[in-house]
Amino acid sequence: MSLALRLSTQRNIYKVTLIAPRRASSTGSSVRTLMATFKDPASPFYLAPGTAGPASPDEMPSSTHRDIHTSSSTLTDDAETSQVSEKSTSSADAPSVTQHAPPLSSQPYAYDDERRKLRSLNPYEVKHVLQELGYDPGSFLEQRIVWGDMDSFQHVNNVRYLRFLESSRIRYMANLGRRLGGPKREQAMIKGKGVSLILKSIDLSFRRPVTYPDTLLVAHRPVCPPTLEGTSFPFHAIAYSYTQQALVLTSNSECVWYDYDRLRKAEPERPVWKAILEVSESWATKR
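Per the UniProt record's numbering, the sequence shown starts with residue 1, numbered consecutively.
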């Protein structure tokens, strides 16, 4: 806003007055313009007579088919994180994108089978069920919880789970390297030699608080791309409490095949994908 200065003298006293220019009010015209967009059928904000607008700016129109997966941090009666799947009724014929272990899906995996099946199981039973669900036994890690894992909130600190998942993931990589090329390839996989894996992203859902003493079973399931090509390699992972006999954590992560010698992404040879797929299928047939 620009200001004008007016200098006047009265009785040898200098007086400075700041004069702000008047600005026409645009409130009325802005409101009229906004209301016009609601009445214009060509406007994306058009509201037909007798209909109501969204309850919030983030609410999607009901005419758009969608599958929404949300996680609530509030514990339900069985202390598990709730997963909500929502569909609009206007696209009843449209297929749902939700599948069991969907490869490279745009929607996060909901772990419905794990939540339903991993209840009140002893260590032997939970390992058997995880193999049925496609989790690789080579990644199984029985992580003992020590008192120092807890924080001032009297449960295992959330950051600890990243380490637990890392240890399980490294176990998987070591076993994969051994299958592909024996001890030499195993060491290369876990020491960043040649083509190996590097973590790109990870998310965690904390479903139950864990306290000392306890032992967690941490496991990973590889998600092979449908075309068996590319550099992306996603994983599903879980943590199961032996004390609570319940699922306490789920995680979705994405690794990338990386050439540590050339310091760039590298697509693995097709036999690598085939070996991964064959191992996963072999465990599935042993159930």
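Be aware that one or more of the hints could be misleading.
Label pairs and their in silico Cβ distance ranges [to be verified]:
| # | residue 1 | residue 2 | range |
| --- | --- | --- | --- |
| 1 | His-128 | Val-256 | 28 to 34 Å |
| 2 | Ser-43 | Asp-261 | 15 to 21 Å |
| 3 | Asp-40 | Ile-202 | 41 to 47 Å |
| 4 | Glu-267 | His-128 | 31 to 37 Å |
| 5 | Ser-152 | Pro-213 | 17 to 23 Å |
When the alpha-carbon atoms are kept at most 25 Å apart in a straight line, the in silico PhoX-like pairs for lysine-lysine are as follows [said to hold, decoys possible]:
| # | residue 1 | residue 2 |
| --- | --- | --- |
| 6 | Lys-274 | Lys-193 |
| 7 | Lys-117 | Lys-200 |
| 8 | Lys-274 | Lys-191 |
| 9 | Lys-184 | Lys-265 |
| 10 | Lys-200 | Lys-265 |
It should be emphasised that the hints constitute simulated quantities derived from the structure, not laboratory data.
Cβ atoms here follow ideal geometry from the backbone N, Cα and C, with glycine treated the same way.
Right, here's what the structure says about each hint:
| no. | hint | verdict |
| --- | --- | --- |
| 1 | His-128 to Val-256: 28 to 34 Å | 32 Å, holds |
| 2 | Ser-43 to Asp-261: 15 to 21 Å | 56 Å, violated |
| 3 | Asp-40 to Ile-202: 41 to 47 Å | 45 Å, holds |
| 4 | Glu-267 to His-128: 31 to 37 Å | 35 Å, holds |
| 5 | Ser-152 to Pro-213: 17 to 23 Å | 18 Å, holds |
| 6 | Lys-274 to Lys-193 | 21 Å, holds |
| 7 | Lys-117 to Lys-200 | 30 Å, violated |
| 8 | Lys-274 to Lys-191 | 23 Å, holds |
| 9 | Lys-184 to Lys-265 | 21 Å, holds |
| 10 | Lys-200 to Lys-265 | 11 Å, holds |
Consistency with the previously given hints fails for numbers 2 and 7, ordered from lowest to highest.
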